[in-house]
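Line by line, the protein sequences are chains P and B.
Read in numbering that gives the first Met the number 0, the first sequence has 39 at position 40, and its numbers run on one by one without any break.
Read in numbering that gives the first Met the number 0, the second sequence has 143 at position 144, and its numbers run on one by one without any break.
Rather than coming from a laboratory, the hints here were simulated on the basis of the structure.
Check each hint, because a few of them may be wrong.
[Stated by the list, open to error] SDA-like cross-link-like pairs, simulated, lysine to any residue; straight-line CA separation at most 20 Å:
1) B:K198 x P:L17
2) B:K392 x B:E21
3) P:K24 x B:L24
4) B:K198 x P:S31
5) B:K198 x P:M51
6) B:K28 x P:K24
7) B:K226 x B:L365
8) B:K198 x P:W50
9) B:K257 x B:K450
10) B:K226 x B:K479
11) B:K172 x P:T46
12) P:K24 x B:S203
13) B:K172 x P:G25
14) B:K428 x B:S397
15) P:K24 x B:G200
16) B:K343 x B:A360
17) B:K198 x P:T2
18) B:K28 x P:I26
19) P:K24 x B:E209
20) B:K198 x P:T46
21) B:K257 x B:H25
22) P:K24 x B:D206
23) B:K343 x B:S107
24) B:K402 x B:K343
25) B:K85 x B:E21
26) P:K24 x B:K343
27) B:K198 x P:F44
28) B:K172 x P:W50
29) B:K479 x B:V354
Values in this document were obtained by computation on a predicted structure and should not be read as measured data.
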Amino acid sequence: MKTLLIILSFAGLVLTILPSVLVFKGILEMESHFHLMVAGMVIWFATAPFWMKTKSLDEEEKK
Amino acid sequence: MTPGLIERLDALYEYDREPVSEKKLHGWKTFIAMFAGEHVAGTEFVLGPLMVMHGVSARDFFLGLLVGNTLAVLSWALMTAPVAVKTRLTIYWQLRKIIGPYLTIAYSACYAFILCLLAGAMVNVAVTAISIPFGIPNPDFVAGDVVPGFQWILIAVVVGIVIAALAVLGFEKIAVFSKICAPWMVLVFFASALAVLAKLGTTSFGDFWEVASTRIFTGEPIGNNSKYTFWHVAGFAWLCNATQHMGMSDVTIFRYAKSWTQGFASAFGMFLGHFGAWIASGILCAAYLSDGFVNPQPGNIALYGAGLAGAVSVVIAGWTTANPTLYRAGLAIQVATPNWKRWKVTFAAGAFMIVTACIPAVNANLDRIVAYYGLFFIPLGSFIILDVWLFSKIGLVSNLTEKTGRLFSWPAAIAWFGSFFFSFFLYGKDHLPWIERITRGNLPRWLDAIKVDLTFLVAPEWILAALLYLVLSFVQQKRKVNAEFIRKGGLL
Numbered sequence: 000m001k002t003l004l005i006i007l008s009f010a011g012l013v014l015t016i017l018p019s020v021l022v023f024k025g026i027l028e029m030e031s032h033f034h035l036m037v038a039g040m041v042i043w044f045a046t047a048p049f050w051m052k053t054k055s056l057d058e059e060e061k062k
Numbered sequence: 000m001t002p003g004l005i006e007r008l009d010a011l012y013e014y015d016r017e018p019v020s021e022k023k024l025h026g027w028k029t030f031i032a033m034f035a036g037e038h039v040a041g042t043e044f045v046l047g048p049l050m051v052m053h054g055v056s057a058r059d060f061f062l063g064l065l066v067g068n069t070l071a072v073l074s075w076a077l078m079t080a081p082v083a084v085k086t087r088l089t090i091y092w093q094l095r096k097i098i099g100p101y102l103t104i105a106y107s108a109c110y111a112f113i114l115c116l117l118a119g120a121m122v123n124v125a126v127t128a129i130s131i132p133f134g135i136p137n138p139d140f141v142a143g144d145v146v147p148g149f150q151w152i153l154i155a156v157v158v159g160i161v162i163a164a165l166a167v168l169g170f171e172k173i174a175v176f177s178k179i180c181a182p183w184m185v186l187v188f189f190a191s192a193l194a195v196l197a198k199l200g201t202t203s204f205g206d207f208w209e210v211a212s213t214r215i216f217t218g219e220p221i222g223n224n225s226k227y228t229f230w231h232v233a234g235f236a237w238l239c240n241a242t243q244h245m246g247m248s249d250v251t252i253f254r255y256a257k258s259w260t261q262g263f264a265s266a267f268g269m270f271l272g273h274f275g276a277w278i279a280s281g282i283l284c285a286a287y288l289s290d291g292f293v294n295p296q297p298g299n300i301a302l303y304g305a306g307l308a309g310a311v312s313v314v315i316a317g318w319t320t321a322n323p324t325l326y327r328a329g330l331a332i333q334v335a336t337p338n339w340k341r342w343k344v345t346f347a348a349g350a351f352m353i354v355t356a357c358i359p360a361v362n363a364n365l366d367r368i369v370a371y372y373g374l375f376f377i378p379l380g381s382f383i384i385l386d387v388w389l390f391s392k393i394g395l396v397s398n399l400t401e402k403t404g405r406l407f408s409w410p411a412a413i414a415w416f417g418s419f420f421f422s423f424f425l426y427g428k429d430h431l432p433w434i435e436r437i438t439r440g441n442l443p444r445w446l447d448a449i450k451v452d453l454t455f456l457v458a459p460e461w462i463l464a465a466l467l468y469l470v471l472s473f474v475q476q477k478r479k480v481n482a483e484f485i486r487k488g489g490l491l
C-alpha cells in the first residue's frame, strides 16, 4: 500500500513539472498546463501525508 | 529586569538545557530535507522580483547568487556546525554562558520583534493570492500605495487571526504540513518559471542566456528603485540568513548532527531556494511585467505562471512559514509578560503581525529589513566562535560570565552594539537623510570616503565585533581584580 502511495505521489510531482516542459517546448497550451498542475497538486496532497516521515528534531528528542 | 524574568526564560528552555546525547544524533538525510524545506518559502516570491525591480543584470544576478550562497554554505559548514557539534547546546544556552542572562533576554526580545515582522511579511504574501478571486487589488508600493484598501486589510485581519489561532493551538501540525508541501512547492516554482519562459521568447535552453540578459535581468531599475550590482546580490545572498549561520542561531539545529561536515547540507536549501527559487520568481516577475501587467505581487505572478496551483502554493508558503514564526515570537514575548496567558501573548504578537502585513513598504523593502536583521545578530556569532575555539588557547577563560555567576558581560555588550551601530552609521551617513544632515561636512575625509551598502557589511562587521570582543575580554580578564578572582575560583 505504501509503495502504491509513493508511486502516486511521484506521479503528482511529475504532473506538476512535466506540463511546464511541454509549454516551454511549445507542445502544450498554458491553460492545459494550469489544469494538469491542479491535478498534480490534488494527487500529491491526497497521497504524500500518508507516507512522508515528518517528525521534527525536537519531537524526536522528546521521545 | 528582575531575577524572576531570568528564571522564567530559563524555564522556557529547560527541556534543552543539557547537550544532545550521542544516540539522538541524525545523519545527512535529516538536514538535507530540513534545509530544502525551510528555504523555499513564501518570501522567495518577494525576493526574486525585488532583484528584478532593482535592475540587476543577468551576469551580476547569477554570479552574485553563486558567490553569496556559496559563502552562506561555507559559513554554516565551517562556523556554525563545528561549534554545534563541539558544544551540543542550543543558541539560548550557548549565549547565556557567554554574554549572560540580561543580554540573552535582550537577544530574545529583539528576535521576537523581528519574527513578528517576518510573519507579517509572510501574511502579506498569502493575502496577495487570496485577494485575487475576490477581485481586490493588491497594494502597489511603487505606484505610491502607502496602505492597502479596506477590503484587503479585512482579508489580512482574517488571515492573521486564523494564523494566530492556529499558533495558539501549537505549530507542530502546521510544521508537519509544511514539510509535506516542500517537494511540491519547489517544483511549482520551477514549473511556473519554465512555462513563462516561452512568453519571453525562448523555447530552448540555448537562447536562455540571451533572453535572461535582455528581457529578464535587464540591468535597468524599475520605478524609483536603486540599482543593484554583483556586490549587492552576493552580499544579500550571504546576509539574508546570516543570523542563522554567522550569528550561530542554527547551532540549535546542528547540535543533532553526527559530524560538522553535515553543515554542507545547507547547500540544498541555498541552491534550491535562494538560487533556483529566486531565479524562478525573478523570471516570473519579468514575464508578468513584459505582458503589460504592473505590480508584480507574489499572488499575481504565481497565478500568472502556474494558475490555481501557483496561487495555492503562495497561500500555503505564506501560511506555513508565518505560523511557526508567530508561535516562536509568542514564546519569546511570553517571558516578559508572566501574568498573561499564552493565547493572549500570541494574539498580541498576531496583532503586530497583521499591522506589519498591511504596510506595503515592508515587503517592498524586505531585502533591507532582512539585511538589518542579519547585521544586528551576527556579532553574537563572533563571540561564540572566539569563546569556544580561541579563548582557551590564548589564556583567556571561556564562558566567564557563567563561571563567575555574573548576569552581564560588558565586553559582549560593547562589542555587540558598538559593531552594529558603527555599521549602521557607515551605511546611514550616505543613505539615511537624518544621519546625512548631521554628518555632512563633519566627518574626517577617510571616513567620508567609505561608501557602502548594508549588504557589503557582513564580513567587516563580523570582524570588527570579533576584534572588539577579543580586546575587551582581554582587558576584562587581565584586570587585577578579575585575574585574582579567576585564580581563586580555579577557572584557568
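Structure-based check of each hint:
At roughly 17 Å between alpha-carbon atoms, K198 (chain B) and L17 (chain P) fall within 20 Å of each other, so this suggested pair holds. Between K392 (chain B) and E21 (chain B) the CA atoms are separated by roughly 27 Å; this puts the pair beyond 20 Å, and the hint is violated. Annotation: proposed proximity of K24 (chain P) to L24 (chain B) is violated, straight-line Cα distance about 46 Å (limit 20 Å). Annotation: proposed proximity of K198 (chain B) to S31 (chain P) holds, straight-line Cα distance about 16 Å (limit 20 Å).
For the suggested pair K198 (chain B) and M51 (chain P), the alpha carbons sit about 36 Å apart, so the restraint of at most 20 Å is broken. Straight-line distance between C-alpha atoms of K28 (chain B) and K24 (chain P) comes to about 34 Å, which puts the hinted pair past the 20 Å bound. Our distance criterion of 20 Å between C-alpha atoms is met by K226 (chain B) and L365 (chain B), whose separation comes to about 16 Å. At most 20 Å may separate the alpha-carbon atoms for a hinted pair to count; K198 (chain B) and W50 (chain P) exceed this at roughly 38 Å.
Distance restraint check for K257 (chain B) and K450 (chain B): the Cα-Cα separation of roughly 43 Å exceeds the 20 Å cut-off, and the hinted pair is therefore not satisfied. Distance hint between K226 (chain B) and K479 (chain B) is unfulfilled; the C-alpha atoms sit about 54 Å from each other, more than 20 Å. Of the supplied pair hints, the one linking K172 (chain B) and T46 (chain P) holds, its CA atoms being roughly 17 Å apart against a limit of 20 Å. Simply put, K24 (chain P) and S203 (chain B) have alpha-carbon atoms about 7 Å apart, close enough for the 20 Å limit, and the pair holds.
Between the alpha carbons of K172 (chain B) and G25 (chain P) the distance comes to roughly 41 Å, so the proposed pair goes past 20 Å and is violated. Distance hint between K428 (chain B) and S397 (chain B) is unfulfilled; the C-alpha atoms sit about 37 Å from each other, more than 20 Å. A hinted pair counts as satisfied when its Cα atoms are at most 20 Å apart, and K24 (chain P) with G200 (chain B) qualifies at roughly 11 Å. Between the alpha carbons of K343 (chain B) and A360 (chain B) the distance comes to roughly 28 Å, so the proposed pair goes past 20 Å and is violated.
A hinted pair counts as satisfied when its Cα atoms are at most 20 Å apart, and K198 (chain B) with T2 (chain P) does not qualify at roughly 39 Å. The suggested pairing of K28 (chain B) with I26 (chain P) is violated, with an alpha-carbon distance near 37 Å, which exceeds 20 Å. A distance of roughly 17 Å separates the Cα atoms of K24 (chain P) and E209 (chain B); the hinted pair therefore holds under the 20 Å criterion. Taking the CA atoms of K198 (chain B) and T46 (chain P), the gap is near 33 Å; set against the 20 Å cutoff, the hint is violated.
Of the pairs offered as hints, the one joining K257 (chain B) and H25 (chain B) holds, with about 6 Å between alpha carbons and a cut-off of 20 Å not exceeded. Distance hint between K24 (chain P) and D206 (chain B) is fulfilled; the C-alpha atoms sit about 13 Å from each other, no more than 20 Å. Among the hinted pairs, K343 (chain B) with S107 (chain B) is consistent with the structure: their alpha-carbon atoms are about 18 Å apart, no more than 20 Å. For the proposed pair K402 (chain B) and K343 (chain B), the alpha carbon gap of about 37 Å is over 20 Å, so the pair is violated.
Taking the CA atoms of K85 (chain B) and E21 (chain B), the gap is about 12 Å. The hint holds against a cut of 20 Å. As the CA atoms of K24 (chain P) and K343 (chain B) are separated by approximately 54 Å, the hinted pair breaks the 20 Å bound. A C-alpha spacing of about 30 Å is found between K198 (chain B) and F44 (chain P), which places the hinted pair above 20 Å, so the restraint is violated. Note on K172 (chain B) and W50 (chain P): the hinted pairing holds, with a Cα-Cα distance of about 15 Å set against a maximum of 20 Å.
Annotation: proposed proximity of K479 (chain B) to V354 (chain B) is violated, straight-line Cα distance about 52 Å (limit 20 Å).
Consistency note: the structure conflicts with the earlier hints numbered 2, 3, 5, 6, 8, 9, 10, 13, 14, 16, 17, 18, 20, 24, 26, 27 and 29.
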